[in-house]
Amino acid sequence: MRNLTITLALFSLLTSSIIFSEEGKKLAQKNGCFACHSMKLRVVGPSFNEVSNKYDLANNTKKILMKKIKNGSRGNWGNVPMIAHPKISDKDLDTMVTWILHLDYQAN
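Here the sequence shown stands for residues 1 to 108, numbered as in this note's numbering.
Fair warning: there could be bad hints in the mix.
The calculated lysine-lysine pairs, modelled on BS3-like cross-linking and capped at a C-alpha distance of 30 Å, are [stated by the list, open to error]:
#	residue 1	residue 2
1	Lys67	Lys87
2	Lys91	Lys30
3	Lys54	Lys68
4	Lys30	Lys63
5	Lys67	Lys25
6	Lys68	Lys91
7	Lys70	Lys87
Okay, the calculated beta carbon distance ranges per label pair [claimed, not checked]:
#	residue 1	residue 2	range
8	His102	Lys30	16 to 26 Å
9	Lys70	Val44	17 to 27 Å
10	Arg74	Ala35	11 to 21 Å
11	Asn79	Glu22	29 to 39 Å
12	Lys54	Phe34	15 to 25 Å
13	Glu23	Asn79	24 to 34 Å
14	Asn60	Ala84	17 to 27 Å
15	Gly75	Glu22	31 to 41 Å
16	Met39	Val80	15 to 25 Å
17	Phe34	Asn76	24 to 34 Å
18	Ser73	Phe34	26 to 36 Å
Derived by calculation from the structure, the hints in this document are not laboratory data.
A virtual CB, placed ideally from N, CA and C, is assigned to each residue, including glycine.
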């Protein structure tokens, strides 16, 4: 019985992670993020994998990245500034940033 409980818990965690992952990617596509970023190659801005590898999951990383997307930023990845995206909701930003930060833990 204990093994079944553990198996179901792991399955649930994996399934919710995959669904959450797909939702983050869909939101990034919907909000035009792929116009400047790609999964693995630098386009105008860094790839999502580069961002994921630069930032860890600790401290206020998620809030910092959400603020950079919402308000724009400059000088973090070269001379090209990140334009502000003030119309993206905090909920959607949270989902997208969580997806980005977990990319190095996923096979993509």
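- Can the restraint linking Lys67 and Lys87 be considered satisfied, given a maximum Cα separation of 30 Å? Roughly 12 Å between the alpha carbons, so the hint for Lys67 and Lys87 holds.
- Sort out whether Lys91 lies within 30 Å of Lys68, counting only the CA atoms. holds (15 Å)
- Message: Check whether the Cα positions of Lys70 and Lys87 lie no farther apart than 30 Å.
- Response: holds (8 Å)
- Task: Take a look at whether the Cβ-Cβ distance between Glu23 and Asn79 falls inside 24 to 34 Å.
- Result: holds (32 Å)
- Message: Need the status of pair Lys54, Lys68: alpha-carbon distance at most 30 Å?
- Response: holds (14 Å)
- Task: Could you tell me whether the CB distance from Arg74 to Ala35 stays inside 11 to 21 Å?
- Result: With Cβ atoms ~18 Å apart, the hint holds.
- Query: Are the Cα atoms of Lys91 and Lys30 separated by 30 Å or less?
  - Reply: holds (14 Å)
- State, for the Cβ atoms of Gly75 and Glu22, whether the hinted interval 31 to 41 Å holds or is violated. holds (32 Å)
- Lying within 29 to 39 Å: is that true of the beta-carbon distance Asn79 to Glu22? holds (33 Å)
- Message: Given the hint of 15 to 25 Å, is the C-beta distance from Met39 to Val80 inside that range or not?
- Response: holds (19 Å)
- Task: Determine whether the Cβ-Cβ distance between Lys70 and Val44 falls within the hinted range of 17 to 27 Å.
- Result: Given a distance of about 18 Å, which is inside 17 to 27 Å, the answer is holds.
- Task: Could you tell me whether the CB distance from Ser73 to Phe34 stays inside 26 to 36 Å?
- Result: violated (18 Å)
Of the hints listed earlier, those the structure fails to meet are numbers 17, 18, in rising order.
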